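In order, the protein sequences belong to chains A and B.
For the first sequence, position 156 matches number 158 in this note's numbering, and the numbering has no gaps at all.
For the second sequence, position 32 matches number 34 in this note's numbering, and the numbering has no gaps at all.
Bear in mind the hints are in silico, worked out from the structure with no lab data behind them.
Just so it is clear, the structure is predicted and the values come from calculations on it, not from any experiment.
Honestly, I wouldn't trust all of these hints.
Same chains, same label: a pair holds when it works inside one copy or across any pair of copies.
Below are the DSBU-like pairs computed for lysine-lysine, each with C-alpha atoms no more than 35 Å apart in a straight line [what the hints assert, rightly or not]:
| no. | residue 1 | residue 2 |
| --- | --- | --- |
| 1 | LYS18 | LYS8 |
| 2 | LYS48 | LYS8 |
| 3 | LYS18 | LYS48 |
There are 2 protein chains.
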Amino acid sequence: MNLEVKPIGIVRSPFKEASGTPIQASMAEGAVGTVEVFGAFADGLKDLDGFDRIWLLYWFDRAAVPRLIVTPYLDDQPHGVFATRAPARPNPIGMSAVRLLRIEGCTLHVAHVDILDGTPLLDIKPYVPTFDAFSNSRAGWCDQALPSGRTHADDRFAL
Amino acid sequence: MNLEVKPIGIVRSPFKEASGTPIQASMAEGAVGTVEVFGAFADGLKDLDGFDRIWLLYWFDRAAVPRLIVTPYLDDQPHGVFATRAPARPNPIGMSAVRLLRIEGCTLHVAHVDILDGTPLLDIKPYVPTFDAFSNSRAGWCDQALPSGRTHADDRFAL
Numbered sequence: 003m004n005l006e007v008k009p010i011g012i013v014r015s016p017f018k019e020a021s022g023t024p025i026q027a028s029m030a031e032g033a034v035g036t037v038e039v040f041g042a043f044a045d046g047l048k049d050l051d052g053f054d055r056i057w058l059l060y061w062f063d064r065a066a067v068p069r070l071i072v073t074p075y076l077d078d079q080p081h082g083v084f085a086t087r088a089p090a091r092p093n094p095i096g097m098s099a100v101r102l103l104r105i106e107g108c109t110l111h112v113a114h115v116d117i118l119d120g121t122p123l124l125d126i127k128p129y130v131p132t133f134d135a136f137s138n139s140r141a142g143w144c145d146q147a148l149p150s151g152r153t154h155a156d157d158r159f160a161l
Numbered sequence: 003m004n005l006e007v008k009p010i011g012i013v014r015s016p017f018k019e020a021s022g023t024p025i026q027a028s029m030a031e032g033a034v035g036t037v038e039v040f041g042a043f044a045d046g047l048k049d050l051d052g053f054d055r056i057w058l059l060y061w062f063d064r065a066a067v068p069r070l071i072v073t074p075y076l077d078d079q080p081h082g083v084f085a086t087r088a089p090a091r092p093n094p095i096g097m098s099a100v101r102l103l104r105i106e107g108c109t110l111h112v113a114h115v116d117i118l119d120g121t122p123l124l125d126i127k128p129y130v131p132t133f134d135a136f137s138n139s140r141a142g143w144c145d146q147a148l149p150s151g152r153t154h155a156d157d158r159f160a161l
């Protein structure tokens, strides 16, 4: 089965390479950027204002070839790639909950951006706490690693 | 730019058709199923146990052709598709935070499943509250619609 996706827009951010890019949106406090949605998809944005956060799904276009075992940014131990958010995954799809600041036409102004400049956008979904927020969910190795882990990437998963 | 994804496994659930399927994982309390990860990707599951919840990314293989304006299950008003979680989207990628009950080899036993039986799996990511949980995020039209909205799908987005 061949399944094809197509960009619906492009992400603009201050980050030109993996090194120094925030690992996660939650670690990207001051990072603002824009999402430029292609004009053909403009109607799909109706009523997106009103949401504090949105999910961006995007293509890790500058990630290394997939690995099944990775040592993620946050830890010095190897883990299965599906137990990490590392970009070098079999289907290189990234997912970030960014803050939506405002919408001007097809341009979404966003904050907490942890995405490389020029990244192809695949989808936008509204962030809905009832669907998405599980504050007390146990998070395996991350629960140990997060307090002392790094917050910004290096080039270990770069192309 | 052509971007191709490939299934890394398949989702098994009690739901054979859209009608009657829970709209969201959070509304799928009693629904259990399995995720059958293909053997070639087995190593990627290392350390996934330890997470209470996991994100499943999957292909809406039985969704209707994309629409930019949709009237979602939860509401009687039309909204832009990117302001909804409706399956009839330009890139038909679904995303659910399901409960991980246990792992046996390449089989993940999961609960809170809102996914059709036989759905192609694209990715598994760990659910990490620091990255994913924003309980107080304002959710636009959903904040009004959720209390009285339906919890199970009908066939409006079915192929």
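Okay, the hints, checked on the actual structure:
{"no.": "1", "hint": "LYS18 x LYS8", "verdict": "both (22 Å within a copy, 28 Å between copies)"}
{"no.": "2", "hint": "LYS48 x LYS8", "verdict": "both (21 Å within a copy, 31 Å between copies)"}
{"no.": "3", "hint": "LYS18 x LYS48", "verdict": "both (30 Å within a copy, 31 Å between copies)"}
The structure agrees with every numbered hint stated previously.
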